[in-house]
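Sequences listed follow chains A and B, in order. All the letters of the first sequence, read from the start, carry residue numbers 1 to 464 under full-length UniProt numbering. All the letters of the second sequence, read from the start, carry residue numbers 1 to 273 under full-length UniProt numbering.
Hints should not be assumed to be uniformly reliable.
[What the hints assert, rightly or not] Partial pick of chain B residues on the chain A-facing surface, computed with a CB cut under 7 Å: (1) Ala9; (2) Gln15; (3) Leu17; (4) Ala23; (5) Ile25; (6) Leu27; (7) Ser33; (8) Leu87; (9) Leu125; (10) Gly266.
I should point out that these hints are in silico values taken from the structure, not numbers from a laboratory. Where a beta carbon is used, it is the ideal one built from N, C-alpha and C, also for glycine.
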Amino acid sequence: MASFAHVVAGCSWRFENLRELMAKASPARSGDYLAEVAAGSDAERAAAQMALAEVPLKHFLEEVLVPYETDEVTRLIIDGHDPEAFAPVSHLTVGGFRDWLLGEQATECSLRALAPGLTPEMAAAVSKIMRVQDLVLVAQKIRVVTAFRNTAGLRGRMSTRLQPNHPTDSVAGIAASVLDGLLYGNGDAMIGINPATDSLGTISELLKMLDGVIQRYGIPTQSCVLTHVTSSIAAIERGLPLDLVFQSIAGTQAANESFGISLQLLQEGYEAGLSLKRGSVGQNLMYFETGQGSALSANAHHGVDQQTCEVRAYGVARHFNPFLVNTVVGFIGPEYLYNGKQIIRAGLEDHFCGKLLGVPMGCDICYTNHAEADQDDMDMLLTLLGVAGINFIMGIPGSDDVMLNYQTTSFHDALYARQVLGLKPAPEFEAWLARTGILHQDGQQLRLGRDVPAAFRPALARLG
Amino acid sequence: MHDDDGTPARPDPWQALRRLTPARIALGRAGTSLPTRAQLDFQYAHAQARDAVHLPLDTAKVGQALCAHGLEVFDLHSAAADRHSYLQRPDLGRKLDGASAERLDQWAVRHPQGYDLAVVIADGLSSLAIERHAPAMVERICAQSAAEGWRLAPISLVQQGRVALADEVGQRLKAQMVVMLIGERPGLSSPDSLGLYFTYAPRVGLTDAARNCISNVRLEGMSYAMASHTLLYLMREAWQRKLSGVNLKDEAHVPVIDGQGKPAPGNFLLPEG
Numbered sequence: 001m002a003s004f005a006h007v008v009a010g011c012s013w014r015f016e017n018l019r020e021l022m023a024k025a026s027p028a029r030s031g032d033y034l035a036e037v038a039a040g041s042d043a044e045r046a047a048a049q050m051a052l053a054e055v056p057l058k059h060f061l062e063e064v065l066v067p068y069e070t071d072e073v074t075r076l077i078i079d080g081h082d083p084e085a086f087a088p089v090s091h092l093t094v095g096g097f098r099d100w101l102l103g104e105q106a107t108e109c110s111l112r113a114l115a116p117g118l119t120p121e122m123a124a125a126v127s128k129i130m131r132v133q134d135l136v137l138v139a140q141k142i143r144v145v146t147a148f149r150n151t152a153g154l155r156g157r158m159s160t161r162l163q164p165n166h167p168t169d170s171v172a173g174i175a176a177s178v179l180d181g182l183l184y185g186n187g188d189a190m191i192g193i194n195p196a197t198d199s200l201g202t203i204s205e206l207l208k209m210l211d212g213v214i215q216r217y218g219i220p221t222q223s224c225v226l227t228h229v230t231s232s233i234a235a236i237e238r239g240l241p242l243d244l245v246f247q248s249i250a251g252t253q254a255a256n257e258s259f260g261i262s263l264q265l266l267q268e269g270y271e272a273g274l275s276l277k278r279g280s281v282g283q284n285l286m287y288f289e290t291g292q293g294s295a296l297s298a299n300a301h302h303g304v305d306q307q308t309c310e311v312r313a314y315g316v317a318r319h320f321n322p323f324l325v326n327t328v329v330g331f332i333g334p335e336y337l338y339n340g341k342q343i344i345r346a347g348l349e350d351h352f353c354g355k356l357l358g359v360p361m362g363c364d365i366c367y368t369n370h371a372e373a374d375q376d377d378m379d380m381l382l383t384l385l386g387v388a389g390i391n392f393i394m395g396i397p398g399s400d401d402v403m404l405n406y407q408t409t410s411f412h413d414a415l416y417a418r419q420v421l422g423l424k425p426a427p428e429f430e431a432w433l434a435r436t437g438i439l440h441q442d443g444q445q446l447r448l449g450r451d452v453p454a455a456f457r458p459a460l461a462r463l464g
Numbered sequence: 001m002h003d004d005d006g007t008p009a010r011p012d013p014w015q016a017l018r019r020l021t022p023a024r025i026a027l028g029r030a031g032t033s034l035p036t037r038a039q040l041d042f043q044y045a046h047a048q049a050r051d052a053v054h055l056p057l058d059t060a061k062v063g064q065a066l067c068a069h070g071l072e073v074f075d076l077h078s079a080a081a082d083r084h085s086y087l088q089r090p091d092l093g094r095k096l097d098g099a100s101a102e103r104l105d106q107w108a109v110r111h112p113q114g115y116d117l118a119v120v121i122a123d124g125l126s127s128l129a130i131e132r133h134a135p136a137m138v139e140r141i142c143a144q145s146a147a148e149g150w151r152l153a154p155i156s157l158v159q160q161g162r163v164a165l166a167d168e169v170g171q172r173l174k175a176q177m178v179v180m181l182i183g184e185r186p187g188l189s190s191p192d193s194l195g196l197y198f199t200y201a202p203r204v205g206l207t208d209a210a211r212n213c214i215s216n217v218r219l220e221g222m223s224y225a226m227a228s229h230t231l232l233y234l235m236r237e238a239w240q241r242k243l244s245g246v247n248l249k250d251e252a253h254v255p256v257i258d259g260q261g262k263p264a265p266g267n268f269l270l271p272e273g
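With the sequences and hints as input, model every part of the structure.
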């Protein structure tokens with residue numbers, strides 16, 4: 001194992017191995033301090049970034065951060081590496097790679113071809129020496145397009161997941177939030193419920209409900225009930241109408257084991273979903289959620305910094321051709337990301353690294369009430385990710401998730417991003433919104449219908 | 001662009017949906033943005049939740065309320081010196097500081113027979129929850145304990161404490177059972193939610209798998225009566241079976257009665273509901 005040394009202004013710094021170098025080069029965040037892997041001083045961090053910039057990209061194929069023998073995620077990363085795709089940048093150092101990404105050779109086309117040649121650790125490494133504007137600029141070049149019942153990730157478009165959670169899974173309460181969201185033009189990424197209770201009875205009731213609504217109103221979108229992959233497999237075996245197969249994933253085998261999953265189990269979930277053939281314009285059907293700090297909170301980080309662990313989760317995700325991947329960036333709490341600054345940086349890193357690896361990234365732009373963050377921080381991250389070309393964000397009523405007790409982006413927030421950045425929904429959904437009389441969008445001009453559209457009046461009348 | 005009738009903010013014509021969910025639906029819009037009223041309501045709710053996290057626990061006030069019930073109270077502190085370190089170092093919030101540990105140890109030397117039940121109160125993430133609900137809950141727990149004939153340890157009132165800290169208190173006092181009353185992570189619409197965590201045979205190093213939790217105790221959530229009913233059920237079962245946690249399921253379900261007595265509407269988006 002190599003050690004790394006760097007001399008700056010007569011001061012000599014030494015880093016034992018690549019794992020330590022990566023951790024100490026990470027921009028400061030509370031989770032790395034909690035794990036006791038962070039740089040001891042700002043100078044040590046800057047020196048580590050200088051030393052990291054000099055590491056050849058090829059070295060990442062030789063020195064793994066989590067042992068190959070005992071970790072199936074490392075094996076997936078190393079065995080799945082495509083040397084041919086890697087060739088255009090294989091002569092570069094991490095620092096040279098940053099310059100290459102910012103330069104003219106890095107285009108939508110060349111970056112798409114490069115993705116299978118990059119490992120998560122390479123992506124994490126280069127992100128650590130990039131500023132916010134670099135993370136935005138390079139991500140903005142990349143497009144990762146996926147499809148199920150509509151097409152997500154096209155340039156100039158941004159989708160929203162309508163998240164109609166209710167504290168007791170009341171069907172009427174969920175339906176109320178679904179209608180509110182649809183009438184605000186949200187829901188093209190999916191209508192996705194986090195159930196309060198995890199029984200198969202509840203899950204099957206919610207799946208049938210969403211399928212009924214999508215079919216009745218002819219909505220070109222997909223549904224998801226966020227439950228463990230084994231429950232989704234069981235639901236599929238019972239013949240329930242399931243669109244997207246959900247699972248939380250992390251970047252080490254041990255962390256995935258704490259979630260009760262393995263690569264084999266994910267493959268089974270993926271194949272079960274495919275067997276239903278429910279997609280109309282495509283068959284991307286896995287929906288993954290991730291977040292920095294999940295490996296550490298499961299005590300399964302192997303001394304690797306939390307951002308690198310997170311990018312390894314994208315290495316897992318891309319193996320299953322997901323429809324969307326969601327980094328739930330501020331949900332985990334201040335012991336991992338302390339404040340708005342750390343959450344904003346983490347959200348942009350996650351989006352950039354995921355896109356670089358060819359993953360259709362979205363972000364739950366969110367915070368909890370014990371984090372040092374507020375709506376202004378979320379507005380900043382939303383605007384930045386909108387510019388960076390994010391595939392999707394959340395849409396919930398008034399930013400307040402009354403089931404999960406955290407704040408994320410609202411239906412109104414999505415319309416703000418559409419207005420200032422001219423971002424449209426997925427084309428199939430855009431056409432449905434216009435046809436139904438909910439929302440017409442012409443560039444940055446948005447026109448919401450004045451009255452409840454005719455299609456939904458009988459539903460409101462039913463309430464009396 | 002928008003229909004122009006001179007109204008700067010437009011209400012949504014689906015207000016009827018609001019009775020179906022506590023979610024912030026039908027907020028209306030100014031352009032396509034949040035109207036002023038809804039925006040400021042949100043800010044106030046967030047401010048309340050933030051204050052609940054950062055407001056220091058008024059130990060004198062809570063201590064006084066407990067003493068009024070004739071209870072002896074230990075004033076203790078976790079190893080997290082302040083809120084800043086509490087929020088970033090969960091490990092420190094899970095253990096007592098040196099002085100607090102010593103105080104309990106000295107007490108235990110003078111009371112070597114130990115206790116059947118120890119009650120720990122910690123600010124957690126909402127001191128508001130403690131000030132509003134802890135004294136009333138503790139009074140109920142003490143009455144139940146007396147009725148069962150259990151020997152009750154003095155009440156431990158801990159600043160900057162996390163759930164697992166109760167295990168250390170229980171272990172040092174040689175208590176068979178421990179109940180932790182702790183302020184829960186505040187939601188935007190629930191700044192004062194109290195959580196109850198129960199452990200049989202507490203000792204340092206136990207995980208959540210060894211605990212039973214009763215959550216969302218507050219006026220708009222689970223009532224004191226229902227929470228103490230469930231807790232008593234758990235404690236009696238644990239006392240007999242000598243265990244707690246995942247192997248001790250809460251079967252003390254009490255049916256929830258709809259306030260209006262009307263059947264809840266189903267999925268009104270479909271004709272067949």
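Name the hints, by number, that the structure is in violation of. 1, 2
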